[in-house]
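K.L.:
One-letter residues, chain by chain:
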Amino acid sequence: MMENQAKSQNFKLSSEKEKSNISLGYNPYAKDKLYALLFLGPSLLILAIFVFYPMLRTIYLSLFLTNNLGNPTVFVGIKNYLTLLTSSSYINSLIATLIYVIAVSILTIIIGLILAQAATKKVAGISFFRTIFSATMGVSVSVAAIFWLFIFNPSVGLLSQLFTALNLTPINWLTEPGWAMTAIVISTVWMNLGFTFLIFFGALQSVPYTLYEAAQIEGASKSYQFFHITLPMISPTIFFVSIITLIESFKSFGLIDLMTAGGPNNATNLLVYRIYQDAFLNGNYGLSSTESVILAVIIAIFTFIQFKVLEKRVTY
Amino acid sequence: MSIELSNISKTYNGSDFVLSDISVKIETGEFFAIVGPSGCGKSTLLRMIAGLIPITSGELKINDKDVTNLPPQERSLTMVFQNYALFPFLSVKDNVAFGLKARKMEKSEIDSRVINALELVNLSEYKERKPGELSGGQRQRVALARAIASDAKICLMDEPLSNLDAQLRNKMRSEIRELQQKLGLTLIYVTHDQVEAMTMADRIMVLNEAKTQQIDSASDIYDTPSNTFVAGFFGTPQMNLIPVTLHANSQSLNNESGLNFPNNHQLSKGKYLVGVRPNALSIDDSATVNNGLITTIEYLGTHSIVHVILDNSLEVLVETKSAEHLTTNQQITVNVTGKYYIFSEDGQSLLLTNGGYINDGKSSKEPKLQALF
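Chains A and B, in that order, are what the protein sequence lines are.
With numbering that gives the first Met the number 0, the residue at position 279 of the first sequence is 278, and numbering never jumps.
With numbering that gives the first Met the number 0, the residue at position 213 of the second sequence is 212, and numbering never jumps.
With the C-beta cut set under 7 Å, the calculated list includes, among others, these residues of chain A facing chain B:
| hint | residue |
| --- | --- |
| 1 | 210 |
| 2 | 212 |
| 3 | 215 |
| 4 | 216 |
| 5 | 231 |
Short, incomplete list of chain A residues facing chain B, as computed with Cβ under 8 Å:
| hint | residue |
| --- | --- |
| 6 | 207 |
| 7 | 209 |
| 8 | 213 |
| 9 | 217 |
| 10 | 218 |
| 11 | 219 |
| 12 | 223 |
| 13 | 228 |
By construction, these hints were calculated from the structure, which means they are not laboratory data.
All values derive from a computational prediction rather than experimental measurement.
In this text, a Cβ means the ideal position worked out from N, Cα and C, and glycines have one as well.
With these hints in hand, go ahead and build the complete structure from the sequences.
P.N.:
Have a look at this one:
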């Protein structure tokens, strides 16, 4: 009561002060604005140079033909867009990208969740496995690529040796279109697992243990507990991870460049790799800018859909 | 349904016992409280009865059936947790129905049980809300409703009221007691709050340092605490414990402070601990010879608690109806006017009181003292 009175009195005082200031023609917020600008200035400057300008420049370039230095020469309007969207090779890239992104996202989430769930078990040496499961966070793309190239190598690779030992015909992982896609999906999922595992593990640890105790007493089976307690409890985390993974896999570049270089027969020529090829190998900056814009739009659409769909399923 | 614990022990490493040799038979429809300070193993005991923690040794029987190694869901009991253990993503009615759905009960049966349970705890209007939209007391009621809906006749409660504010706690105390009576539940109630235990329970088990200290009704525990721990744990403010000596041929137990307890019993000479509650002491501010100095006076409305430092620098608390004539730093005399308890010097056993009760270990009631291992 007293407090409230004091507060309202304070409020009155300050509003009176403001009034008098205004009548004197003094803007009390002017100083705030100056401070705001001072604080925001440095990051705005950096963002402007490295994010906003390239973004606008990309959109601008996507409407031009360019010379091989990347300078616009002829304005062509949306012709670049039409060219791409009617090119069967681009559509193939698009489809390959979608397959890749969806496969990677789903597998990453499912396997990450399984590993995280397994790591919550209190058994001897579990901290060793926790470290191993999250270890890929510390592996660089190039190391991972070399590592997987060795595994997938058709003559001396681990998998080939395994297949030979089992009297199966070794698969030419990186030279057959379908298998090449499988190979980069496997490698990408493996790379993603460290991060995903850590996030899921943290989420699982934060589910109050008494919920499981209560469920156990109520007679819920382990699988019932998983689907009716664990999944809903960590659904916000699943949502977060799925968005991150989706966006990240749309942007995948390193593993593809090092393992397949878009081949064989363009089977793994995903959108980002295509952008890189068109710009830096073919010198076609206009077209490659157009591809960038299209990719950005696709990612935006997917993220939007994901928000809409998962919003309903994220339960609290 | 009755619950029988025989020599139940728990250890995690084989040598340090979290609980040792706990035995008690809890009767059908009994409200049984387990009380003790934090870390005494009371929650562990409850979780062992529930089946959430394995029992190291001993035997647990529910309705004369050995359930020592059965999983929780086969012990036909239910449990209410301190933090309520509600599912934040489910509405109130789905929370109550959780266990019933998990057991694949028929939908019409689930609905009728949920409606009935919510009615019993006066939450019918809130059945569509999420736990996050309820107050602490309401959440606790949802947890109660879930226990009721399961229709188990044994209910375990783990400090269910400790997250509520004092007023609400008082209210829920009587509500839980009423529900227990109405539904004929056998209820085991774990708490660290002696007031809760005394006001609600038919019988109380006092646990300390992994062992049973005493199992008795509230009044028996208050009137004849089996040792100084129990004596100190029950009653607010705490019982004063005063070391005394009985000299040969002396008629009283003397404390060096000049506080004397008449000895008309057959005690042999030696050292003892005397326990005396603050309301069994009185203050005389008109005596010529004083034995104490007032340090603090706590005014509590109906009475006051006076902190007195005796001459040998032992502090005692005295309850007095009116403290208006007293001031701090005043020299006064403390007299013994009520009941006192004589404990062995180590405080482990009650020898007698000035009421004449002698604990000879052959009492006709429940065993007063559990064997100490």
